[in-house]
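Protein sequences appear in the order of chains A and B.
Going by the working numbering, the first sequence wraps up at 479, each residue one higher than the last.
Going by the working numbering, the second sequence wraps up at 436, each residue one higher than the last.
None of these hints come from the bench; they were simulated from the model.
One or more hints might be untrue.
[Said to hold, decoys possible] Derived list of chain A stretches under chain B, where covered just means 3 residues or more per stretch with a C-beta under 8 Å from a C-beta of chain B:
#	region
1	235-246
2	249-258
3	266-278
4	316-324
5	427-437
[Claimed, not checked] Computed spacing ranges between beta-carbons, pair by pair:
#	chain 1	residue 1	chain 2	residue 2	range
6	B	Y159	A	H350	24 to 32 Å
7	A	H350	B	I246	32 to 40 Å
8	B	A424	A	S360	24 to 32 Å
9	B	A226	A	G241	49 to 57 Å
10	A	S293	B	R292	45 to 53 Å
11	A	H350	B	A406	53 to 61 Å
12	A	S247	B	R240	37 to 45 Å
The beta carbon of each residue, even a glycine, is placed where N, CA and C say it ideally should be.
Listed below are the residues making up each chain.
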Amino acid sequence: MLEVKDLWFTYGNPARRKHVLRGVSLRVSSRVTCLLGPNGAGKTTLMKCIVGILKPERGRILLRGRDITGMDCRSRAKLISYVPQEFTIPFPYTAFEVVLMGRNPYVNILQGPRAEDEVKAREALEALGVGHLAGKPFTSLSGGEKRLVLIARALAQDAQLLVLDEPTSFLDYRNKLVALETLRGVSRRFSKPVLISLHDPNLALLFCDEVFLMRGGEVVAGGRPDEVITRDSIRQVYGVRVRELRVNGCKLIAPEDALLK
Amino acid sequence: MDRTVLKLTVFFAFLLIASLCVGRLLFLPWRANALDTTIVMYVRLPRVMAASLAGAALGLAGVALQNTFRNYLAGPGILGVTSGSAFGAVLAILLLPPNPAAIQLTAFAFGLVAMFLAYYLARLAGGGILALILAGIVTSALFSACVGIVKYMADPYNKLPAMVYWLLGSFAGTRWGDLAPAMPPLLVGVVTLLLLRWVLNVLSLGDDEAMALGVNVGLFRALAVVAATLATSASTSLAGMIAWVGVVSPHIARLLVGYDNRRLVPASALVGATLLLFCDDLARTLSAAELPLSVMTSFVGAPILFAILIRRRACLAGS
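Whole structure, please, built from the sequences with the hints as guidance.
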């Protein structure tokens, strides 16, 4: 599905600055794939390169075998939809208006959306179970509702791949689980692969089909979550000693006692 | 067409007709003689047209810049365009023989110079919205200082009063001949901003999200800013400095049609045209002598903005 080959990126002058991505290569083929790693590992930068917000210094990005590295943003928006980590929409557009903006790649810029775009936006809101929020100002919604509306916008964009940067940030424990379960459902129902970034290894163990562990701009391990997230890899990447647990047959990790005291 | 936008259009049309009739001479079509008709056709009509077009242009520039810069208080002055135009005008008054066309042309040209300077400084500062706003503040301060120097150097009995009069704004002397050179940039600015109304929605989400939604942010932001600059400097060259209309009109329009720019952009144009036409009517009818236009727009605009802020606060408390 998505293939990243030897991707390098730096902010500012490449000759003088430290690289944020250092030869990243990965292949996303599962339903829900996760980038896991500490702050500054390069997860957001990698996602922005994939979406086309940042231009990589070198390397290639392929989607279904097609090189999209230099593709213009409008064509790329038809292939990949993106929900950023932080969203500060300055004006209180209604939830429907926010979702309708997801149709922008298909809209004649000078004419605006047509009736069929409005139908797609309503369908996306209904699919996420938030159709009743359509007329409410986006700024008045709770954190969880805002996240669902933005996932609906990504769905209305009708892209082949959904990319979500930390979809659980700023959410309480229940809403974190709801958001990830929703994403898993969306991926299954619409047969769309989803690429997300997470901070919590346990959420990756619970909800993801594949994990890529990142540190210092490099992918240090990739594969099934229970194979990648181990005592050794967590110690190597986060510098934290953990114990591996089994709860109802599912692998989880917990910090060693020394860290809790 | 949206029903509220239609109502606004009808209201504006009534005000337009009323503006042609009121003034020192009350014009009633069924009682008009040849002199009355001449006054309306050659004095009032160009003035009313100029006030309407300039108001629409300022309202559009305001809403476009508020969305582009994601800032409720952005207005046509944000990139230093009005200060640049003011410098161009006072420079023409200082150096050239009295000629309204020359003042108009230099005001327009320096408005564009200010925009390009702001863009250049923003690029030097690394680009992006914040750099552009800061570059606009620097440009505005620079040209305001230049206006101060020119006023200081001006002959206090002859040139200085002309400069102060121009800076306070007025449509008093506007005739068809003054309107003609301002029309092309005004119309290009107005039509471009009307066409960009959908993309302004997406631009207001911020650079990253707009790019991820397939908008060429650099191109469309530049288009919006250049169109707003054309509209603003053409308006300023016609009537001098006009305060508040560009900032307040989008706020009034939001109360009427909401935040979606597909309705908000035409509504802002109509509100801007109505507001400036109304202020100009007051300026020429309230007293025997013409009142400065900028004083009228400030007297009308500032309380309206305050009322909107109070209303918004009450709404927030209610929700």
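Hints, verified against the model:
no., hint, result
1, 235-246, "violated (count 0)"
2, 249-258, "violated (count 0)"
3, 266-278, "holds (count 4)"
4, 316-324, "holds (count 4)"
5, 427-437, "violated (count 0)"
6, Y159(B) / H350(A): 24 to 32 Å, "violated, 59 Å"
7, H350(A) / I246(B): 32 to 40 Å, "holds, 34 Å"
8, A424(B) / S360(A): 24 to 32 Å, "holds, 30 Å"
9, A226(B) / G241(A): 49 to 57 Å, "holds, 52 Å"
10, S293(A) / R292(B): 45 to 53 Å, "holds, 51 Å"
11, H350(A) / A406(B): 53 to 61 Å, "holds, 59 Å"
12, S247(A) / R240(B): 37 to 45 Å, "holds, 42 Å"
Hint violations for this structure: numbers 1, 2, 5 and 6, all remaining hints satisfied.
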